[in-house]
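Enquirer: Take these sequences, add in the hints, and give me the full structure.
There are 2 protein chains.
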Amino acid sequence: MSERKRKDREGEAGRYAYDGLDRVLHEKARLAILTSLAARPEGLLFGDLKELCALTDGNLSRHLRILEKAGLVEVWKGFRERRPQTLCRLSPKGTERFLAYLEELENVIRDAAAVRDRSKDATTLNKDPLLKDWVPA
Amino acid sequence: MSERKRKDREGEAGRYAYDGLDRVLHEKARLAILTSLAARPEGLLFGDLKELCALTDGNLSRHLRILEKAGLVEVWKGFRERRPQTLCRLSPKGTERFLAYLEELENVIRDAAAVRDRSKDATTLNKDPLLKDWVPA
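First to last, the protein sequences are chains X and S. If you're matching positions, the first sequence starts at 1311 in our numbering and goes up one per residue. If you're matching positions, the second sequence starts at 1311 in our numbering and goes up one per residue.
Hints in this document: simulated from the structure, not taken from any laboratory. A few of these clues could be false.
Any copy, or any two copies together, can satisfy a pair, since identical chains are not distinguished.
As the list claims (entries may be wrong) - Each computed DSS-like pair below joins lysine-lysine, with the alpha-carbon atoms no more than 25 Å apart: (1) K1338 to K1403; (2) K1387 to K1360; (3) K1387 to K1403; (4) K1379 to K1338; (5) K1360 to K1379; (6) K1379 to K1403.
Expert: In structure tokens, the structure reads:
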């Protein structure tokens, strides 16, 4: 979205709803899996993926099933050095959806830029004169 | 983290675990609330926040309670033009934690940069010769 268009939406209903943050991709463990796979077009073996994401066998299997069911990840069975292996990689649709998701993530970061300047005087926040007539809930 | 240090971690266990993606902040609706508030140091009235995030009264209340309990958001009761109002804003701790969260989000985006180049020939993915001996799971 252009800077102009973003400005126009300022204050609009749903301005910060972030519809592009699809919950299938946004979940922390699945985001780890997708980012690991994104960096490796040739795919990753189950064991390597598990280590990179610091997930247990059971958790990785569970999240891979969700991603596979959504058509975002391909799971292949085969052999490497005579041992059965599972190879995981992004599907073309997964690549496309992950790119769209990343765009929305970048929107979040752009929207949040204001907080960085503000944080410089975070210590003065509680002395805000605006709040003199307000009480904690 | 420096480029050098990131390179050193390449392939390391937990490389993509993203421990900084605190689930309290990472949940989609709460991320919307935090980003809305980040842009407004003076805070937002409940009704305005609800519109910006496209949330229902019940959902906004529920997520605000979680954020308040975690000490990330302050909720104040007061009056504006003689009408009772609720004012929400980031706490100093919330600002700090949100900044740390944003840093980790930027790590995700940096890690995922590879997928953008790859996506240019996404159409050739299924003809990968590496997969000739593998079968779909």
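Enquirer: Evaluate each hint against the coordinates.
Expert: Evaluation of the provided hints:
{"no.": "1", "hint": "K1338 to K1403", "verdict": "both (20 Å within a copy, 22 Å between copies)"}
{"no.": "2", "hint": "K1387 to K1360", "verdict": "within (16 Å within a copy, 47 Å between copies)"}
{"no.": "3", "hint": "K1387 to K1403", "verdict": "within (20 Å within a copy, 47 Å between copies)"}
{"no.": "4", "hint": "K1379 to K1338", "verdict": "both (18 Å within a copy, 21 Å between copies)"}
{"no.": "5", "hint": "K1360 to K1379", "verdict": "within (19 Å within a copy, 33 Å between copies)"}
{"no.": "6", "hint": "K1379 to K1403", "verdict": "within (12 Å within a copy, 39 Å between copies)"}
The earlier numbered hints are all upheld by this structure, with none contradicted.
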